[in-house]
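J.: Sequence:
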Amino acid sequence: MGPVLAGVLQLLALIAALALAYIPLGNYMARVYSSDKHGRVEKWVYKGIGANPDAEMTWSTYLRGVLAFSAVGVLFLYLLMRLQGVLPGSLGFSSVDPAQSFNTAVSFVTNTNWQSYYGEQTMGHVVQTAGLAVQNFVSAAVGMAVAVALVRGFARSRTGELGNFWADLVRGTLRILVPAAAVAAIVLVACGVIQNFSGIHEVGQFMGGSRQWNGGAVASQEAIKEIGTNGGGYFNANSAHPFENPTPFTNLFEIFLILVIPFALTRTFGVMVGSVRQGYAILATMFTIWLGFVALMMWTEFAHHGPALQAAGGAYEGKEVRFGVGASSIFAVSTTLTSTGAVDSFHSSFTGLGGGITMLGMMLGEIAPGGVGSGLYGMLIMAVIAVFIAGLMVGRTPEYLGKKIGTREIKLAACYILITPALVLVLTAVSMALPTPPHSMLNSGAHGFSEVLYAFTSASNNNGSAFAGLNANTDWFNTMTGLAMLLGRFLPMVFVLALAGSLAEQKPVPVTAGTLRTEKPLFTGLLVGAILIITGLTYFPALALGPLAEGLA
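Going by numbering that gives the first Met the number 0, the residue at position 443 of the sequence shown is 442; the numbering climbs one at a time, nothing skipped.
Any given hint could be a false lead.
[Stated by the list, open to error] In silico DSS-like links for lysine-lysine, alpha-carbon gap of 30 Å or less:
hint	residue 1	residue 2
1	LYS519	LYS506
2	LYS506	LYS36
3	LYS36	LYS46
4	LYS410	LYS506
[What the hints assert, rightly or not] Derived DEER-like restraints, expressed as beta-carbon distance ranges:
hint	residue 1	residue 2	range
5	TRP212	LEU86	17 to 23 Å
6	GLY273	LEU8	34 to 40 Å
7	HIS37	ALA543	39 to 45 Å
8	PRO520	ALA12	34 to 40 Å
9	HIS200	ILE532	35 to 41 Å
10	LEU551	HIS200	17 to 23 Å
11	ALA543	TRP43	54 to 60 Å
Derived from the structure by calculation, the hints contain no laboratory data. Every value quoted in this text rests on a predicted model; they were computed, and no experiment measured them. Positions of the beta carbon are idealized from the N, C-alpha and C atoms, including for glycine.
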């Protein structure tokens with residue numbers, strides 16, 4: 000079997016698995032967020048935090064809950080890393096320095112999981128399990144809660160209430176993420192991923208000296224790392240490490256975990272707004288972009304020019320031979336079109352155009368299918384923009400799901416889509432203009448610029464992957480990427496929840512002959528076009544200086 004055929008067959012198997020999970024998982028999540036009953040464990044949690052899960056919240060109250068919970072998470076994780084040197088079970092590792100502690104705490108709380116450290120040489124068992132793994136669950140649950148609040152904004156009318164943040168957070172964690180991660184961890188352990196609290200071991204000789212490895216609760220963290228679209232690896236090599244991802248099957252299974260909730264949330268959306276066809280329209284948009292990016296990535300990596308690459312059957316530099324070019328291409332696209340950031344190959348070693356595809360996936364806003372929750376609300380914002388464009392074309396006030404998209408709504412949507420490009424482009428430009436930050440680049444020229452552009456694209460879009468080669472463990476990059484992650488996560492949430500509140504206050508608009516049918520293929524095409532055009536106009540000059548210049552050289 001040739002490598003191209005193997006990659007295509009893996010892609011088809013992945014699509015089939017996602018299709019089988021789509022309806023049952025999507026329906027289940029809709030029931031979770033629509034239920035008015037509370038489990039026994041959930042009641043204990045509510046009592047412990049002093050929350051009333053039945054109290055409805057306006058958008059501003061919901062936002063205060065999101066921000067307060069996340070701020071506490073950042074503070075707790077920061078202190079845990081600063082105190083690591085005196086904590087038991089830390090494998091003798093010292094406390095993490097302040098700038099890196101700040102960066103890592105913000106990274107995991109914002110669902111970015113950007114890592115400027117070597118996991119197996121920096122973080123002990125306590126920080127990994129009590130700190131990072133916990134945030135893998137709750138940061139994902141926060142994103143899902145905000146998405147559900149926006150869906151309620153479309154579904155409700157003549158009320159400013161969007162549900163209860165604490166109930167959404169707890170249910171998303173205990174009813175969806177914990178059970179799914181438990182099952183996934185068992186599968187990973189059965190397939191060879193390690194799960195222990197072992198200390199540091201000497202493993203043979205390596206270039207004249209002994210090699211040291213430590214164990215850890217890897218399978219459990221790997222499961223939520225992927226299913227929560229987190230991406231932070233227990234080891235520096237991330238999902239290219241055999242302790243995290245030992246076989247081609249686990250590789251394909253991890254891609255499935257990355258994609259399954261973001262895709263299934265479109266079904267949840269359709270059920271909650273009372274029209275599954277609306278969910279299918281959003282799904283079709285996400286799937287079209289994702290499949291197109293996978294096809295482009297496979298083409299660039301399999302068909303790159305050069306006798307060595309052609310003899311090898313593709314661009315193998317930086318890729319695990321046990322996975323191959325096809326599986327690595329699927330993983331790279333899936334992790335950058337979601338907010339995962341996990342890697343089973345190193346994106347800096349992809350061809351020039353292949354590296355550009357990974358960057359463009361993040362620049363779209365990671366909405367195809369995007370992160371858990373963030374992908375859905377990002378795509379719905381783009382849907383609002385698309386119906387506004389359609390309204391301009393025909394001279395009619397735009398409507399979406401029975402709600403008028405007026406001046407207030409379009410301003411909020413416009414602010415949402417402008418935040419991350421501003422962060423990416425301004426911080427990249429400043430970093431290249433100052434004398435010190437460029438010293439962190441391993442490469443010069445177009446590829447070196449791509450390293451910096453990729454870093455701020457990843458941080459601002461809460462992805463977390465990186466072009467290998469950039470030394471991000473400096474005060475500048477730790478601080479600036481930390482601020483990019485904070486602003487890139489929470490400023491968009493402000494506009495999402497404000498939009499949800501505005502929509503929920505409206506009364507439904509009856510469907511007329513002039514209403515744009517947003518469940519039809521025509522709207523899907525319009526939405527895909529709007530996404531690609533807006534992103535292209537925003538980022539093309541920067542891409543031309545980096546990956547496009549390198550790929551065409």
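J.: Take the hints in turn and mark each one as holding or not.
T.: Results for each hint:
no., hint, result
1, LYS519 with LYS506, "holds, 24 Å"
2, LYS506 with LYS36, "holds, 28 Å"
3, LYS36 with LYS46, "holds, 15 Å"
4, LYS410 with LYS506, "holds, 20 Å"
5, TRP212 with LEU86: 17 to 23 Å, "holds, 21 Å"
6, GLY273 with LEU8: 34 to 40 Å, "holds, 38 Å"
7, HIS37 with ALA543: 39 to 45 Å, "violated, 54 Å"
8, PRO520 with ALA12: 34 to 40 Å, "violated, 26 Å"
9, HIS200 with ILE532: 35 to 41 Å, "violated, 54 Å"
10, LEU551 with HIS200: 17 to 23 Å, "violated, 47 Å"
11, ALA543 with TRP43: 54 to 60 Å, "holds, 56 Å"
Violated hints, listed in ascending order, are 7, 8, 9, 10; each of the other numbered hints is respected by the structure.
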